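Taking the hints into account, I'd like the entire structure generated from these sequences.
Line order of the protein sequences matches chains A and B. Just so we're on the same page, my numbering is the position in the first sequence counted from 1, plus 1019. Just so we're on the same page, my numbering is the position in the second sequence counted from 1, plus 1019.
Don't read these hints as lab results, they were simulated from the structure. You may find that some hints are simply not true.
Since copy identity is lost for identical chains, a pair holds within one copy or between any two.
What the hints assert, rightly or not - DSS-like cross-link-like pairs, simulated, lysine-lysine; straight-line CA separation at most 25 Å: (1) K1109 / K1040; (2) K1049 / K1109; (3) K1358 / K1049; (4) K1208 / K1358; (5) K1109 / K1358; (6) K1308 / K1040; (7) K1040 / K1320; (8) K1049 / K1157; (9) K1109 / K1231; (10) K1320 / K1358; (11) K1231 / K1208; (12) K1157 / K1208; (13) K1231 / K1308; (14) K1298 / K1308.
Note that this is a predicted model, so its numbers are computed, not measured.
2 protein chains.
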Amino acid sequence: MKDTLGLNWEHRFASRADHMKSSAIRELLKLAEQPDFISFAGGFPAPEFFPAREIEETLARLCDSDSLQYGPTEGYRPLRQLWADRLGGKVEEILITTGSQQALDLLGKVLVEPGSTVLVENPTYLAALQAWRVYGAKFAGTPLDQDGLQVDNLPTQGQFLYTIPTFQNPSGATLSLQRRHQLIEWSHKHQIPLIEDDPYGALRFEGEPLPKLVELDPNVVHLCTYSKTLAPSLRVGVLVGAPELICKLVQAKQATDLHTSTLNQRVAYELDTSGYIEKHVMELRQVYKQRRDAMVAAVRKYFPPHTRMIVPQGGMFLWLTLDHDFDSVAALERCVPHKVAYVPGNNFHPHGGDPHTMRLNFSNTRPEMIEEGIRRIAEEL
Amino acid sequence: MKDTLGLNWEHRFASRADHMKSSAIRELLKLAEQPDFISFAGGFPAPEFFPAREIEETLARLCDSDSLQYGPTEGYRPLRQLWADRLGGKVEEILITTGSQQALDLLGKVLVEPGSTVLVENPTYLAALQAWRVYGAKFAGTPLDQDGLQVDNLPTQGQFLYTIPTFQNPSGATLSLQRRHQLIEWSHKHQIPLIEDDPYGALRFEGEPLPKLVELDPNVVHLCTYSKTLAPSLRVGVLVGAPELICKLVQAKQATDLHTSTLNQRVAYELDTSGYIEKHVMELRQVYKQRRDAMVAAVRKYFPPHTRMIVPQGGMFLWLTLDHDFDSVAALERCVPHKVAYVPGNNFHPHGGDPHTMRLNFSNTRPEMIEEGIRRIAEEL
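This is the structure:
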């Protein structure tokens, strides 16, 4: 029977499927599943600090017929209200998403016209590029430095600008206060909306917290997630935007997955309103700071002396820039047999390039293994 | 500040957003949230029979650092293996989705070229139309009768055919065995893939079970869900297809929501392999049969004598055809003040029309309230 139809699926794919590629991160994560592997490749929180007990108790308390039934596409109303209150907005400005990744997909679905240009930081979050490429986006990247996105060098046209202003993925850089104001000015001057992705903002180890872009300008579309402050597997994210944008995103979400698990939303709501998450995040900051310190120290100890890095004040990633003739892809191939991995920097660029950089995740490896992993990489440089 | 930017979002939407509309169902569900409303409008399971206690205990047992971490995009491997074994396939042929709605979205993303024609039953599942319209699908509908889709009247060209062969939504019709064979023959002859959506197949009240299309032909893409047999809020669905199709769908899913909650997948897996779901479904069949019987009896008692219906042998819906001059949309407007609702049949047609039909859900209303609701509707006819 199979032979008669002989479905050749590859000839049946829509042209947008050409833009779907298995990412380097993905293949690396497969390797890193091996037990004795030291992986700096993923973007995983520290699993040994997941509040499994609190989540378990909350799940058990909330598992009832209301939380198991189909729910509204917009999200669990008290959770929406919580975020509206937190940011001084209205409940109509909040959409709950199935993780922040879904927010990126929905924004692409609703805003990206094939061939239109999306402005991004260069390097930027890989899966944002993936999400929007499918809808036909072209990308124009602007570099970052110690103070974040180089606002002076931004283009003056584009569908929207996507930025991770705080502890950026992958660079670790944070946009300075001055540049935050400048960026908002640029947005108004050129009538280009800002999309602020803020998954790591709560994970600040040191330095003064800076206002979120959405706090400086209510026009900013703001994304947040419980993946880093509670647990990724709940798949609960928050999107803040103008009511007419939310309204269209809700219609898109309805056709995409109907709604986000109410049970999981209620767990996030309970642990957020009870103050538990705030307390938990204080612990995470200590844990991740220690890991960042271990990684920075190990890089200084083992890596070539002219290795450049932005020491991030928070978040989960360290970005390294090596000599111009260094090839981080080739080096990774040498590292893998020694059971250590990172992500070569070229993956985070919309048009590739920048082969002498690498992203290292420090949140998912215990400090004692961080030094060992960095030592192994340094041997293969 | 808001005035300066004055973002007019509606002028920034991509053209595909024109296809996103708030559905009639959606607006009705809002009404039906009122406490003393009798709603036959939704497609909700009976919440009083959710196995809240079993889900709660299973969640509590499985809530650990593995199930809270990011997981593979393909899904929890034992759950994929379970379905591979169940259907005599390989694990590479199984993708776990965030509810079955996500399967529809991903299939649209990967298979629907703008302007291409998707073949559907007429009437069909509203949210499948919504999911694919966004990707530029045109629809060609073929009517159903007592024996399901009229296979003899199918077109000979199309990107794929979408069918709900068992206890179809909205018609309640089931495709006969003869037509199942005929449909597969048609698919081979015209080289048009079949997508079989099977959310209700397990909810058979009477009559002999028929083989699923995927059991008759492994080329069929098959969708299933735990929403009707366990609980919708887990958001766990299953897609079965050829490995090269799954591979592309995985790439699409990665950019869409990264992965489906591992914790929720593990709950589905545990309650499925333990045999609990099978036992639970036997109870649901009794409960829903009683509700179907109550609804059929009430329609016969209160509705005009020439009202036609297909008495479904399972599932959740009753489809009524009234006199040709009957307007189910106008009648609904008269019903709502009397706190009773259904979905007018025109909503399930890709091109509208058919105003003298209505879909009634019987699974979500207790038998004694079903008679009262039908009586109220009949008064407004």
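Between the shortest in-copy and the shortest cross-copy C-alpha distance, which are at most 25 Å for K1109 and K1040: within, between, both, or neither? The answer is between: 23 Å across copies meets 25 Å, while 39 Å in one copy does not.
Checking K1157 and K1208: alpha-carbon separation at most 25 Å within a copy, between copies, both or neither? For K1157 and K1208, the Cα distance is within 25 Å only inside one copy (22 Å; across copies 40 Å).
Homomeric proximity label, K1109 with K1358: Cα distance no greater than 25 Å: neither (49 Å within a copy, 29 Å between copies)
Cα distance capped at 25 Å. Does K1109 pair with K1231 within a copy, between copies, both, or neither? within (17 Å within a copy, 48 Å between copies)
Checking K1358 and K1049: alpha-carbon separation at most 25 Å within a copy, between copies, both or neither? within (12 Å within a copy, 54 Å between copies)
Cα distance capped at 25 Å. Does K1040 pair with K1320 within a copy, between copies, both, or neither? Classified as neither; 37 Å inside a copy, 59 Å across copies.
Given a CA cutoff of 25 Å, do K1231 and K1208 count as a within-copy pair, a between-copy pair, both, or neither? within (20 Å within a copy, 59 Å between copies)
Have a look at K1298 and K1308 and pick one of within, between, both or neither, based on CA distance no larger than 25 Å. within (16 Å within a copy, 50 Å between copies)
Could you figure out if K1308 and K1040 sit no more than 25 Å apart (CA to CA) within one copy, between two copies, both or neither? neither (34 Å within a copy, 47 Å between copies)
For K1231 and K1308, with the copy left unspecified, which applies at a CA distance of at most 25 Å: within, between, both, or neither? Intra 21 Å, inter 55 Å, cutoff 25 Å: intra-copy only.
Status of K1109 relative to K1049 across identical chains (alpha carbons, at most 25 Å): between (42 Å within a copy, 19 Å between copies)
Homo-oligomer pair classification [K1157, K1049; C-alpha up to 25 Å]: Answer is neither; intra-copy 29 Å and inter-copy 39 Å both fail.
Hint check: violations occur at hints 4, 5, 6, 7, 8; the rest are consistent with the structure.
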